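Asks: Below are the chains, spelled out letter by letter.
There are 2 protein chains.
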Amino acid sequence: MLLEAVYHQPKSQYAYAYDDETLHIRVRTKRGDMDRVSVVWGDKYDFQESTITVTEMSIFTQDTMFDYYQAEVKPPFRRFAYAFKFEKGNRTVYLNEVGFNEEKLLSTGVGMLWSPSGMFEYPFLNTIDVKRPPEWVKDAVFYQIFPERFASGDPSLTPAHAEPWTSESIPTRTNFFGGDLQGVIDNLDYLEELGITCIYFTPFFEAYSNHKYDTIDYLKVDPQFGDNETARKLVEAAHERGIRVMLDAVFNHSGYYFPPFQDVLKHGEKSRFSKWFHTRELPLSTNPLNYHTFGFVAEMPKLNTENPEVKAYLLEAARYWVEDIGVDGWRLDVANEVDHRFWREFRDTVKQANPDAYILGEIWHNSQAWLMGDQFDAVMNYPVTNSILDFFIKDEIDAESFMSRLDATLIAYPKQANEVAFNLLDSHDTPRLLTIAEGSKQRMKLAVLFQLTYTGAPCIYYGDEIGMEGGPDPGCRKPMIWEERYQDQDLFAFYQTLISLRRNHRALRDGTFRFLSAEKQEKFIAYERTDEFNRFVIVINSSLNKQTVTLNEFGASSFRSLNDEE
Amino acid sequence: MLLEAVYHQPKSQYAYAYDDETLHIRVRTKRGDMDRVSVVWGDKYDFQESTITVTEMSIFTQDTMFDYYQAEVKPPFRRFAYAFKFEKGNRTVYLNEVGFNEEKLLSTGVGMLWSPSGMFEYPFLNTIDVKRPPEWVKDAVFYQIFPERFASGDPSLTPAHAEPWTSESIPTRTNFFGGDLQGVIDNLDYLEELGITCIYFTPFFEAYSNHKYDTIDYLKVDPQFGDNETARKLVEAAHERGIRVMLDAVFNHSGYYFPPFQDVLKHGEKSRFSKWFHTRELPLSTNPLNYHTFGFVAEMPKLNTENPEVKAYLLEAARYWVEDIGVDGWRLDVANEVDHRFWREFRDTVKQANPDAYILGEIWHNSQAWLMGDQFDAVMNYPVTNSILDFFIKDEIDAESFMSRLDATLIAYPKQANEVAFNLLDSHDTPRLLTIAEGSKQRMKLAVLFQLTYTGAPCIYYGDEIGMEGGPDPGCRKPMIWEERYQDQDLFAFYQTLISLRRNHRALRDGTFRFLSAEKQEKFIAYERTDEFNRFVIVINSSLNKQTVTLNEFGASSFRSLNDEE
Numbered sequence: 001m002l003l004e005a006v007y008h009q010p011k012s013q014y015a016y017a018y019d020d021e022t023l024h025i026r027v028r029t030k031r032g033d034m035d036r037v038s039v040v041w042g043d044k045y046d047f048q049e050s051t052i053t054v055t056e057m058s059i060f061t062q063d064t065m066f067d068y069y070q071a072e073v074k075p076p077f078r079r080f081a082y083a084f085k086f087e088k089g090n091r092t093v094y095l096n097e098v099g100f101n102e103e104k105l106l107s108t109g110v111g112m113l114w115s116p117s118g119m120f121e122y123p124f125l126n127t128i129d130v131k132r133p134p135e136w137v138k139d140a141v142f143y144q145i146f147p148e149r150f151a152s153g154d155p156s157l158t159p160a161h162a163e164p165w166t167s168e169s170i171p172t173r174t175n176f177f178g179g180d181l182q183g184v185i186d187n188l189d190y191l192e193e194l195g196i197t198c199i200y201f202t203p204f205f206e207a208y209s210n211h212k213y214d215t216i217d218y219l220k221v222d223p224q225f226g227d228n229e230t231a232r233k234l235v236e237a238a239h240e241r242g243i244r245v246m247l248d249a250v251f252n253h254s255g256y257y258f259p260p261f262q263d264v265l266k267h268g269e270k271s272r273f274s275k276w277f278h279t280r281e282l283p284l285s286t287n288p289l290n291y292h293t294f295g296f297v298a299e300m301p302k303l304n305t306e307n308p309e310v311k312a313y314l315l316e317a318a319r320y321w322v323e324d325i326g327v328d329g330w331r332l333d334v335a336n337e338v339d340h341r342f343w344r345e346f347r348d349t350v351k352q353a354n355p356d357a358y359i360l361g362e363i364w365h366n367s368q369a370w371l372m373g374d375q376f377d378a379v380m381n382y383p384v385t386n387s388i389l390d391f392f393i394k395d396e397i398d399a400e401s402f403m404s405r406l407d408a409t410l411i412a413y414p415k416q417a418n419e420v421a422f423n424l425l426d427s428h429d430t431p432r433l434l435t436i437a438e439g440s441k442q443r444m445k446l447a448v449l450f451q452l453t454y455t456g457a458p459c460i461y462y463g464d465e466i467g468m469e470g471g472p473d474p475g476c477r478k479p480m481i482w483e484e485r486y487q488d489q490d491l492f493a494f495y496q497t498l499i500s501l502r503r504n505h506r507a508l509r510d511g512t513f514r515f516l517s518a519e520k521q522e523k524f525i526a527y528e529r530t531d532e533f534n535r536f537v538i539v540i541n542s543s544l545n546k547q548t549v550t551l552n553e554f555g556a557s558s559f560r561s562l563n564d565e566e
Numbered sequence: 001m002l003l004e005a006v007y008h009q010p011k012s013q014y015a016y017a018y019d020d021e022t023l024h025i026r027v028r029t030k031r032g033d034m035d036r037v038s039v040v041w042g043d044k045y046d047f048q049e050s051t052i053t054v055t056e057m058s059i060f061t062q063d064t065m066f067d068y069y070q071a072e073v074k075p076p077f078r079r080f081a082y083a084f085k086f087e088k089g090n091r092t093v094y095l096n097e098v099g100f101n102e103e104k105l106l107s108t109g110v111g112m113l114w115s116p117s118g119m120f121e122y123p124f125l126n127t128i129d130v131k132r133p134p135e136w137v138k139d140a141v142f143y144q145i146f147p148e149r150f151a152s153g154d155p156s157l158t159p160a161h162a163e164p165w166t167s168e169s170i171p172t173r174t175n176f177f178g179g180d181l182q183g184v185i186d187n188l189d190y191l192e193e194l195g196i197t198c199i200y201f202t203p204f205f206e207a208y209s210n211h212k213y214d215t216i217d218y219l220k221v222d223p224q225f226g227d228n229e230t231a232r233k234l235v236e237a238a239h240e241r242g243i244r245v246m247l248d249a250v251f252n253h254s255g256y257y258f259p260p261f262q263d264v265l266k267h268g269e270k271s272r273f274s275k276w277f278h279t280r281e282l283p284l285s286t287n288p289l290n291y292h293t294f295g296f297v298a299e300m301p302k303l304n305t306e307n308p309e310v311k312a313y314l315l316e317a318a319r320y321w322v323e324d325i326g327v328d329g330w331r332l333d334v335a336n337e338v339d340h341r342f343w344r345e346f347r348d349t350v351k352q353a354n355p356d357a358y359i360l361g362e363i364w365h366n367s368q369a370w371l372m373g374d375q376f377d378a379v380m381n382y383p384v385t386n387s388i389l390d391f392f393i394k395d396e397i398d399a400e401s402f403m404s405r406l407d408a409t410l411i412a413y414p415k416q417a418n419e420v421a422f423n424l425l426d427s428h429d430t431p432r433l434l435t436i437a438e439g440s441k442q443r444m445k446l447a448v449l450f451q452l453t454y455t456g457a458p459c460i461y462y463g464d465e466i467g468m469e470g471g472p473d474p475g476c477r478k479p480m481i482w483e484e485r486y487q488d489q490d491l492f493a494f495y496q497t498l499i500s501l502r503r504n505h506r507a508l509r510d511g512t513f514r515f516l517s518a519e520k521q522e523k524f525i526a527y528e529r530t531d532e533f534n535r536f537v538i539v540i541n542s543s544l545n546k547q548t549v550t551l552n553e554f555g556a557s558s559f560r561s562l563n564d565e566e
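Protein chains in written order, with the numbering used here: chain A, 1 to 566; chain B, 1 to 566.
Treat the hints with care, as some may be off.
One copy or two, either will do: identical chains are not told apart, so a pair holds if it fits within one copy or between any two.
Here are the computed lysine-lysine pairs in the DSS-like style, where the Cα-Cα straight-line distance is at most 30 Å [claimed, not checked]:
#1 85 x 394
#2 74 x 520
#3 233 x 104
#4 520 x 30
#5 520 x 104
#6 74 x 275
#7 266 x 546
#8 104 x 30
#9 351 x 311
#10 220 x 546
#11 351 x 74
#12 351 x 104
#13 441 x 351
#14 441 x 415
Keep in mind that the hints were calculated from the coordinates and are not lab data.
Just so we're clear, the structure is a prediction, and the values are computed from it rather than from any experiment.
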């Protein structure tokens, strides 16, 4: 046994409440090292030989180095004291909070009442602390819209300097095409036909740029897109079709033309907004930059979310759009650079306005610190994005490594965070999927197939479904192609089929996910998704060569090819 | 290199802000495995060969299995992207968020702007999230008083059924002796002479029992002890002598005679307090118990701190004693069974009333989930208690294991939590120190010497300093012995000397702590505490035999024996 490989941390992603009565207990061991791993548990005030339970754990995920065991337990009095028991051949080793012991389960310590003070503890399952993301997200298929580029529905709003909207239009960092909210309302039929159930809008509040990440007024729709009434109309029309709406909260920084920032630029120390930003000194200087910004972008000054006035302003915006306009969620831009304290208050505000609102952090990195229940429901699942791209699109990793990297995300967070993770393959920040795939529709389809049959909520970037291409920003932000002759109808049908399959079968959304095959140096995978009604077995070959895959237990007749050309 | 032994978790006790500009980055490796470990870091938006820094880490703590490396870094833009570099012989291995790589520092991922998406990140050092315990605790020496047993100052309050207060008095679970708050006021001279700087009171709010952990009214001093004016007088008189006061917040459960509980007992569902407790069903039954309690004690019903009314009531108590009466801190009884959400609001309430108030959780187990800055300043340091008892008092572990177990606490929490940890050796919940030592004053002195020269704030249980003995509750709760002929004056002088040494030399309170010797199978240790003014080297022999210890660098003349009899 390699004891140095064993890892457990109480009250973390290794020991958390899944619901009001269930705890998930996890432990890490070296891959393939143990014959059997169990959790030995009981009530913390009655931990005796006669009352303790030994529950065998099972491997719920693996990576190239480790096995991760998990057990689900329901402590009758909501209190939980525990240790682990590792078995290999003739050897048995126990691990409790004090350390490893080869002989017996030691209960070291001065002892408090009947408390076994050497045990790990989940002291009490308080229901208010249980992480509880909105249920609807498990069933959702998101569709990301960049408002300036999806559709123009009200020509009167189109900026005078806008360029013509054609299938040949070339976006630059600064040009405009005239997309607006009425354009989205006019095309809800299209979205309904595709089958998506939630629109994620990149920002549509008043801002200077075409991407609107440089907010001027957080409480107002950008006049190029309509007004707050158009937004309300849009939300209502979408809701009537069973489509929800998520907005983009750019609370890390404002735009250069945000009036409080302009005031500080002008009045320095004397500005009544002098504490609204992360300034290093006053007066402000953009060169050298003497205030904190997003990246090193002088036009995006970092908001001081520690300041009560700033907090009140932003939280009012968070409340307003949810409560007064009816939106169903917030995607939080650059979420990990804003303080935790702000996000806790943000969560309270938003959930009070609508307990079912979805709170999604934009974090590209390990997000455990935001996902324990007090801050976000989920994060944008970039580790899954990267893994899907590397395996299906770029052909850079083998099946085992693909599995390993997906599994790393499963162990990194409580299960309920992964169930509502936001699985995107591309966005306004990256090249388009088909472009990353160097035009290979085959590869693109494999990636989409996986995305739409994996755990978590998939998101489609507008236009991907009709074969739009485009490199990194600004290339990926072309105006949506509406002329049918330039739309890839086969691809659209492929998306439609997969979305409807997912929507019709709970197993594909919220069922158990399990790899059946993901081997070293192989380029194919097989996995299953199961619920009480259905069992789907999906086999995907990501190599250029034909591959014969033998899976026991199944007759060939049960299979259906989703990709007839291959 | 044993890569399976390596552990790091971003935004945790392995990567946290120590102050407004400093991050502590830690990583675990197998003990003795590496030649050199470094952290490779830069700004997340400008992570290039030319701009990254390589900082060598040093081993800051060890246990029997692992080395724990730490580096202190100050990212100029408060943003931090990093990876680790491990070197051993000719081999170099890098670890970033994606995993290990033998060749070079890979930056895998789709890449966002200039973000190196494969790196670990501390995305932004927001000052409001920095854990910042009150500075005064580093300098404090606590003294724990069980109010019913310290001193009687107002005979008119003494219960009629109280027993005589003599050095022979035998406490039972139910008898009374008549201690009160005036008795504490009357003996502040004594406490000042001893040298302590903060009194920690077990509960003195109105309650039924002699220990007062079964509260009836959280806003009122128990009539046996005085009234709220006596409490205010006590706090003022203590403050005049530079002595602070910490109270006991028993917010996990109330007493049986708490009026809202009585109301629920009587009126069941119809009680307006029906949601104030963790009831499983109504009407309430004590046998079988159908409501949650502390342990299985029917007389201590668990308060439903999720209920807004309960929360408002308890938070008002938290505020009142700090703001209106002037107390300096709260010790939180059974802190880990109350919800995290409650404690976050509790912290806000208390720190608003007095930003310098100390918030101390009673947790006997790993407390990382409460110590990241949003909940408690520190916890009662039972792992240190147990280690000191096992090494100095019970003679059960060797020096290496002692060091190892102390070090486990250092790596378990951010440094600032350990700097203000509450180091007790016994309490009203355990046998007295001298009794655990089976009457060996020698052993007791060694434990106290270590306690008073270790990191964190020491606490003395009333009467230990004059040699009081007593077994587990109720034995450890004898009335304080005030007759000088029954007080051990030598022991008192020993405490006095050590306390004054600690108070006079910052190195002993807040200096660097480092073991110089702590070897396998040995029973002696040597350690140093250093600041810019002083360097103390302390050698303690815990065995029955004389021990010759050779420490290089020091002349014999620099040493002073604190324990002349040995």
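Asks: Could you figure out if residue 441 and residue 415 sit no more than 30 Å apart (CA to CA) within one copy, between two copies, both or neither?
Replies: neither (33 Å within a copy, 53 Å between copies)
Asks: Check residue 220 against residue 546 for me: Cα-Cα at most 30 Å, and say if that holds within a copy, between copies, both or neither.
Replies: Close neither inside one copy (55 Å) nor across copies (81 Å); limit 30 Å.
Asks: Is it within, between, both, or neither for residue 233 and residue 104, if the alpha carbons may be no more than 30 Å apart?
Replies: neither (67 Å within a copy, 54 Å between copies)
Asks: Reference check for the pair residue 266 and residue 546, CA-CA at most 30 Å: within, between, both, or neither?
Replies: neither (67 Å within a copy, 76 Å between copies)
Asks: Is the C-alpha distance from residue 351 to residue 311 at most 30 Å within one copy, between copies, in both cases, or in neither?
Replies: both (16 Å within a copy, 19 Å between copies)
Asks: At 30 Å max between alpha carbons, let me know whether residue 351 reaches residue 74 within a copy, between copies, both or neither.
Replies: Within one copy only: 27 Å inside, 36 Å across.
Asks: When Cα atoms must be at most 30 Å apart, do residue 351 and residue 104 count as within-copy, between-copy, both, or neither?
Replies: neither (47 Å within a copy, 45 Å between copies)
Asks: Regarding residue 74 and residue 520, is the shortest C-alpha distance of 30 Å or less found within a copy, between copies, in both, or in neither?
Replies: neither (37 Å within a copy, 41 Å between copies)
Asks: Between copies, within a copy, both or neither: which fits residue 520 and residue 104 at Cα up to 30 Å?
Replies: between (39 Å within a copy, 22 Å between copies)
Asks: Since the copies are identical, ignore which copy is meant and state whether residue 441 and residue 351 lie within 30 Å (CA to CA) inside a copy, between copies, both or neither.
Replies: So residue 441 and residue 351 fail the 30 Å test inside a copy (41 Å) and across (59 Å) alike.
Asks: Tell me, please, which holds for residue 104 and residue 30 at an alpha-carbon limit of 30 Å: within, between, both or neither?
Replies: For residue 104 and residue 30, both the intra-copy (22 Å) and inter-copy (25 Å) Cα distances are at most 30 Å.
Asks: Give the relationship of residue 74 and residue 275 under a CA distance limit of 30 Å: within one copy only, between copies only, both, or neither.
Replies: between (49 Å within a copy, 23 Å between copies)
Hint compliance for this structure: hints 2, 3, 7, 10, 12, 13, 14 are broken, all remaining hints hold.
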